[in-house]
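Heads up: the sequence shown begins at 865 in the numbering used here, then just goes up one per residue.
If you are wondering where the hints come from, they were derived from the structure by calculation, not from laboratory data. No experiment lies behind these values; they were computed from the predicted model shown.
SDA-like, lysine to any residue: derived pairs with alpha carbons at most 25 angstroms apart: (1) 898 with 964; (2) 969 with 988; (3) 898 with 885; (4) 898 with 909; (5) 898 with 934; (6) 969 with 986; (7) 898 with 888.
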Amino acid sequence: MCSSDLGATIVHGLDTLCIMGLDTEYEEGRDLIKHNFILDGISGWLSVFEMNMHFVRSFLILYAFTGDDIYEEKAQEVVDELLPAFRLPTGASYSLIQVENGSSKNYDIDCDKSSILGEVGSLHFEFAYLSHITGSSLCEENCVKKERNCPRDIERSGKIECLSIRLVPQKRIWSAIH
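Construct the entire structure; sequences and hints are all you get.
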């Protein structure tokens, strides 16, 4: 897995600083993000879900609070790096991505290398909102529309006695592994 100093704590804390009216501290954090939040040069596998949750979501919240274009730009930068994980025709995404070369895969913990349904579904809000504020349909086409078409007509593999929480994205089938 990847370890890098992307400033997650700063990104997460800025909305609180904004709400509390701590303008000096907020501006310091904003400037750090503007000048230092860079995905270039990061090596290793990044979780699509975690990058979305910790960075895309936080940047979009900050954009909604402030209208500051820097947050829209940073959210778009992260999403642009995540999009190769959506190259599957099935509509699901892989769980992991390498920013340096755009390769993607799922975790190696399961024999069928399935995607966690909660991770796949959690991308919807951020990608739809980013498409809305940028006017670009790229995010929506790669996540939201594919996601809507994904689970309805997926075949079941094996005996599943409860709702599956995993999806084999390459085969468009529910996983029997829980």
